[in-house]
Amino acid sequence: MYRYDEFDHTIVKERVTEFTGQVKRRLAGELTEDEFKPLRLMNGLYLQLHAYMLRVAIPYGTLSGTQMRMLAHVARKYDKGYGHFTTRQNIQYNWPKLKDVPDILDDLATVEMHAIQTSGNCIRNVTSDQYAGVAAGEIDDPRVWAEILRQWSTFHPEYTFLPRKFKIAVTGHSNDRAAIKMHDVGIIIVEGENGEPAFDIYAGGGQGRTPMVAHLVGEKIPARDLLHFMDAIMRVYNMHGRRDNLYKARIKILVHALGAEEFARQVKEEFAKGGAGEDLKLPDGEIERIRAYFAPPAYETLPDSDAGYEKALAEDKAFAQWARTNLADHKVPGYAIVNVSLKPIGGIAGDASDAQMDAVADLAETFSFDEVRVTHEQNLTLPDVKKSDLYEVWKRLDAALLATPNIGLISDMIVCPGLDYCDLANARSISIGQMISERFADLDKEHDIGELKVKISGCINACGHHHVGHIGILGVDKKGVEFYQVTLGGSADENAAVGDIVGPAFTEDEIVGAIETIVETFVANRKDGEIFLDTYRRIGIDPFKETLYAAA
Amino acid sequence: MPLLKDGVAVSDDKWVRVEDDADLPEDCHALISMTRWLKDRDALLTRNKPIGVALESSDNPDEIMDDLDRFGLIAVDFPQFKDGRGFSYGRLIRHRGKFEGELRATGGVLVDQLHYLVRCGYDAVDGDDRITEEAWADANSRFSVVYQPTGDGQKTALQKRHGG
Chain A
1 MYRYDEFDHT
11 IVKERVTEFT
21 GQVKRRLAGE
31 LTEDEFKPLR
41 LMNGLYLQLH
51 AYMLRVAIPY
61 GTLSGTQMRM
71 LAHVARKYDK
81 GYGHFTTRQN
91 IQYNWPKLKD
101 VPDILDDLAT
111 VEMHAIQTSG
121 NCIRNVTSDQ
131 YAGVAAGEID
141 DPRVWAEILR
151 QWSTFHPEYT
161 FLPRKFKIAV
171 TGHSNDRAAI
181 KMHDVGIIIV
191 EGENGEPAFD
201 IYAGGGQGRT
211 PMVAHLVGEK
221 IPARDLLHFM
231 DAIMRVYNMH
241 GRRDNLYKAR
251 IKILVHALGA
261 EEFARQVKEE
271 FAKGGAGEDL
281 KLPDGEIERI
291 RAYFAPPAYE
301 TLPDSDAGYE
311 KALAEDKAFA
321 QWARTNLADH
331 KVPGYAIVNV
341 SLKPIGGIAG
351 DASDAQMDAV
361 ADLAETFSFD
371 EVRVTHEQNL
381 TLPDVKKSDL
391 YEVWKRLDAA
401 LLATPNIGLI
411 SDMIVCPGLD
421 YCDLANARSI
431 SIGQMISERF
441 ADLDKEHDIG
451 ELKVKISGCI
461 NACGHHHVGH
471 IGILGVDKKG
481 VEFYQVTLGG
491 SADENAAVGD
501 IVGPAFTEDE
511 IVGAIETIVE
521 TFVANRKDGE
531 IFLDTYRRIG
541 IDPFKETLYA
551 AA
Chain B
1 MPLLKDGVAV
11 SDDKWVRVED
21 DADLPEDCHA
31 LISMTRWLKD
41 RDALLTRNKP
51 IGVALESSDN
61 PDEIMDDLDR
71 FGLIAVDFPQ
81 FKDGRGFSYG
91 RLIRHRGKFE
101 GELRATGGVL
111 VDQLHYLVRC
121 GYDAVDGDDR
131 ITEEAWADAN
141 SRFSVVYQPT
151 GDGQKTALQK
161 RHGG
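One line per chain: the protein sequences are A and B, in this order. Note that the working numbering numbers the first sequence so that position 247 is 247, with each residue one more than the last. Note that the working numbering numbers the second sequence so that position 106 is 106, with each residue one more than the last.
Read the hints as simulated data drawn from the structure, not as lab findings. Keep in mind the model is a prediction, meaning the values are calculated, not measured. Glycine included, every Cβ here is placed at the ideal spot set by N, Cα and C. Careful, some of the hints might be misleading.
[Unchecked claim] Capping the alpha-carbon separation at 20 Å, the derived lysine to any residue pairs in SDA-like fashion look like this: (1) B:160 / A:279; (2) B:160 / A:12; (3) B:98 / A:280; (4) A:281 / B:145; (5) B:155 / A:5; (6) A:165 / B:80; (7) B:155 / A:287; (8) A:37 / B:79; (9) B:155 / A:12; (10) A:37 / B:112; (11) B:98 / A:270; (12) A:13 / B:145; (13) A:99 / A:47; (14) A:273 / B:98.
[What the hints assert, rightly or not] Computed footprint of chain A on chain B, listed as stretches where at least three residues anywhere in the stretch have a Cβ under 8 Å from a Cβ of chain A: (15) 14-21; (16) 63-74; (17) 103-115; (18) 144-150.
Kindly generate the complete structure, drawing on both the sequences and the hints.
In structure tokens:
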């Protein structure tokens, strides 16, 4: 993991001091709420329906056990004993008191954490693949480049007042687990010249009310030019992105208006000008310095299979069920990637209690080289667990109610906070997710349905990623009544697509039945080995329209 | 309106804003719009008196990049603090164009933006009455380490790490 040096520490400490001063000015009445707003928003502090909400950055979703323990401490001491992991690999606290926020930031700073740029019209926390460094077939470790981008984008003097927020995701793998094409900028590491990593850079993706898949604007950009090319994208956007309309201010609108080719031409023209008096090339040794932090841990040389693990699989059905969905292949023989579900049946997607966070921290320290990842699908990952430890890890997860065997299945939903917390929401999301989860609680049924990504947003801003759900659900308000619009066929992976609206929206009473009808229609039409998305792409939307609306 | 230059209050601003439809006075430091500069450029190039241009946030500074050495002052308007185009304009004018005169941010800038403005090449601010000498000094001493090179000569964390 990356560790702060004196310079990183200084920047975070100086930021805490600055923000503490700003909070004092607010509490003393020297700043009005209106004046305070842009300042607190620069530091992840929102005013929600009922209270302030503090969003803490988890750079590229990577945490140590100590950091996870600190997140538990914050939940326990300053909040109501829980936190909410988000689709941007961050954590949100829903009930902090304003007067406590400086203390929270002080506590976080002791473990190299902060809330910098988790809101505001700036470059947000850079996200990445939760399997970074441990998946077989990876071209290069995206955390190295995400960290380089993190430093470059932190308090950027030129790009901190952009037309709108700006989200960057990086993956080093051809299986895209970071939804990079749905980001303002998505970066895929590819093989460059002389075995050096290079970058395919996509721009103009995003969700919200105008969902768009990003376009390739830079091909095989060499490592030494990464920051320079990013700078060119940011400058074109900062100078030419729309500022007259909040809803048309994201880079996707600029890319769309100019056309991807013209946008790419402008970026390349700006890039060719060679910067603005600065040298953005990384100094000799910096890539190596950062890469060293992400060196593989001291793996043991092990056979790929483990007798104890195989025995437990054969004898304990519940363990075997969990292993089937919640484990992923590790690049090193004898190890596995463990996914920790934050989607208990009937629970709140992404929420974890302080005790659960402590339990995961313990497991990371004892069994996974002291590392935890947060996934954009609102789960956690222990990236480096020996197969011989899996049974014990599972038992401890189970004891902490963290072993729901549903990763990738219908009850593993992305769900935004919705009208229960958010002041932008039009409808509740959490309760809809809970009802769907309960309807499909039968594990055998879930397994039979197979991989199915349901994503729920409580408003058009699409924080619940409904546009890219295999089944997407969007809460809308019609004359004070909550309705739910359904889209089908979306995807956030390497074949990213925006879902199609299936027809008129459903009421709260109808929506779970409608999802069931959609699933039944899939099951009736699927061919061997197909998951929902395959069948949908083969048969199209009409059979679903028919079964959903035929009776009406 | 208080004007700060290099962090020090200036009580007698020698620059006089001349509206587009007004005659250009013979003997003064005239600040004219970029539009007027572009329109009357040929005539203005022969003028032998100090001249400055004022950019709206919707102006494109690329259009005056060849003329920078003609100007004693370039003023860039920030219609509101959220409109960050001026940060890029500053970089282009000062760091790419090597402009050596006064680069002044005007309008709705916040105290908390002063540090960014300076790093983007501005040496003067004409804002509301919260933009004081103390605020300038405070904002520019808050952060002792920076990550980005901007052409302002400040050593970055990277350069310090690698023995620069």
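Hint-by-hint comparison with the structure:
1. B:160 / A:279: holds (14 Å)
2. B:160 / A:12: It holds: about 17 Å lies between the C-alpha atoms, which stays within 20 Å.
3. B:98 / A:280: holds (18 Å)
4. A:281 / B:145: Holds, at about 19 Å.
5. B:155 / A:5: holds (16 Å)
6. A:165 / B:80: Holds, because 17 Å separates the two Cα atoms, which is no more than 20 Å.
7. B:155 / A:287: Holds: residue 155 of chain B and residue 287 of chain A sit about 18 Å apart, inside 20 Å.
8. A:37 / B:79: Distance ~18 Å between residue 37 of chain A and residue 79 of chain B Cα, so the pair holds.
9. B:155 / A:12: Between residue 155 of chain B and residue 12 of chain A the Cα gap is close to 18 Å, so the pair holds against 20 Å.
10. A:37 / B:112: holds (13 Å)
11. B:98 / A:270: holds (17 Å)
12. A:13 / B:145: holds (11 Å)
13. A:99 / A:47: This hinted pair holds, its Cα atoms lying about 14 Å apart.
14. A:273 / B:98: holds (14 Å)
15. 14-21: violated (count 0)
16. 63-74: The restraint on the segment 63-74 of chain B is violated, since only 0 of its residues have a Cβ under 8 Å from chain A and three are required.
17. 103-115: holds (count 4)
18. 144-150: The restraint on the segment 144-150 of chain B holds, since 7 of its residues have a Cβ under 8 Å from chain A and three suffice.
Figure legend: structure checked against the earlier numbered hints; hints not met, in rising order: 15, 16.
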